[in-house]
Amino acid sequence: KNQVEQSPQSLIILEGKNCTLQCNYTVSPFSNLRWYKQDTGRGPVSLTIMTFSENTKSNGRYTATLDADTKQSSLHITASQLSDSASYICVVSARTAGNKLTFGGGTRVLVKP
Amino acid sequence: GAGVSQSPSNKVTEKGKDVELRCDPISGHTALYWYRQRLGQGLEFLIYFQGNSAPDKSGLPSDRFSAERTGESVSTLTIQRTQQEDSAVYLCASSPGTDSGANVLTFGAGSRLTVL
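These protein sequence lines map, in sequence, to chains E and H. So the first sequence is numbered by the working numbering: it starts at 1 and just counts up by one. So the second sequence is numbered by the working numbering: it starts at 1 and just counts up by one.
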């Protein structure tokens, strides 16, 4: 069964600090992995998308890594800002018909001043 | 349009009533998805459209749920005889095509359904 597990479920950090979110998956055959940011009351917005051959991808202060051998990904937030408070969702796509995505449960990040 | 539009943004209904939720995808996007997100939970896949056909309906939780898409554009998710367990945010997303290796889903803001 395809699964995506994220940790921690939630975390609180002080403004200006860094944090790292984890994503482990068992989706096969692997196609790509995406990180989304979901603000409260809004739909998810894409941050990064990585295919099998990509190890690192950055989007501003967000840096995602992918280890396809261990089936792990991380999202690193640098110099956090209050606007980074949101849920971060790891989504893995299997290379199968139908383009079905498997969503992780998300990590809720709260940045405090 | 510029983004994915969903309506209504909020819907409160009584148990047993039928509801219709609408999604207007980005113009030209052939793939359209419906997801359900219960409070504090992750997204659950409901159904996927490619054009007007739905090759994957595996996520629809019961026969009370149905969806259609017309003109390779607007989609409607219908929930019949609503139950309190149906209370959730229903998210619609669209993407340019079927290649999951290249296309990013653009989500709407969701329709929040509350069944009393």
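If you're looking for bench data, these hints aren't it; they were derived computationally from the structure. Careful, some of the hints might be misleading.
Coverage of chain H stretches by chain E, computed from C-beta distances (three or more under 8 Å per stretch; other residues unrestricted) [unchecked claim]:
id	stretch
1	35-43
2	104-116
Have a look at the derived ranges for each label pair, beta carbon to beta carbon [claimed, not checked]:
id	chain 1	residue 1	chain 2	residue 2	range
3	E	54	H	14	20 to 26 Å
4	H	27	E	95	37 to 43 Å
5	H	57	E	79	33 to 39 Å
6	H	55	E	3	21 to 27 Å
7	H	5	E	110	38 to 44 Å
8	H	2	E	20	31 to 37 Å
9	H	57	E	82	28 to 34 Å
10	E	15	H	18	45 to 51 Å
11	H	84	E	15	37 to 43 Å
If you're wondering where the values come from, they're calculated on a predicted model, not measured in any experiment. Each residue gets a CB set at the ideal place from its N, CA and C atoms; glycine is no exception.
Quick rundown of the hints versus the structure:
1. Look at the stretch 35-43 of chain H against chain E: 4 of its residues bring a Cβ nearer than 8 Å to a Cβ of that chain, three or more, so the hint holds.
2. Taking a C-beta to C-beta cut-off of 8 Å, the stretch 104-116 of chain H contributes 7 residues in contact with chain E, enough for the three needed, and the coverage statement holds.
3. For the pair residue 54 of chain E and residue 14 of chain H, the supplied restraint of 20 to 26 Å is violated, since their beta-carbon distance comes to about 49 Å.
4. For residue 27 of chain H and residue 95 of chain E, the Cβ-Cβ distance of about 28 Å falls outside the hinted range of 37 to 43 Å, so the restraint is violated.
5. Checked against the given bound of 33 to 39 Å, the beta carbons of residue 57 of chain H and residue 79 of chain E, roughly 44 Å apart, lie outside it.
6. Checked against the hint of 21 to 27 Å, the C-beta distance between residue 55 of chain H and residue 3 of chain E comes to roughly 22 Å, which is consistent with it.
7. The hint said 38 to 44 Å for the Cβ distance between residue 5 of chain H and residue 110 of chain E, and at roughly 29 Å that hint is violated.
8. A hinted range of 31 to 37 Å for the beta carbons of residue 2 of chain H and residue 20 of chain E is consistent with their spacing of about 33 Å.
9. A C-beta distance of roughly 41 Å is found between residue 57 of chain H and residue 82 of chain E, which places it outside the suggested range of 28 to 34 Å.
10. For residue 15 of chain E and residue 18 of chain H, the hinted distance range of 45 to 51 Å is satisfied, since their beta carbons lie about 47 Å from each other.
11. Separated by about 39 Å at the C-beta atoms, residue 84 of chain H and residue 15 of chain E satisfy the suggested range of 37 to 43 Å.
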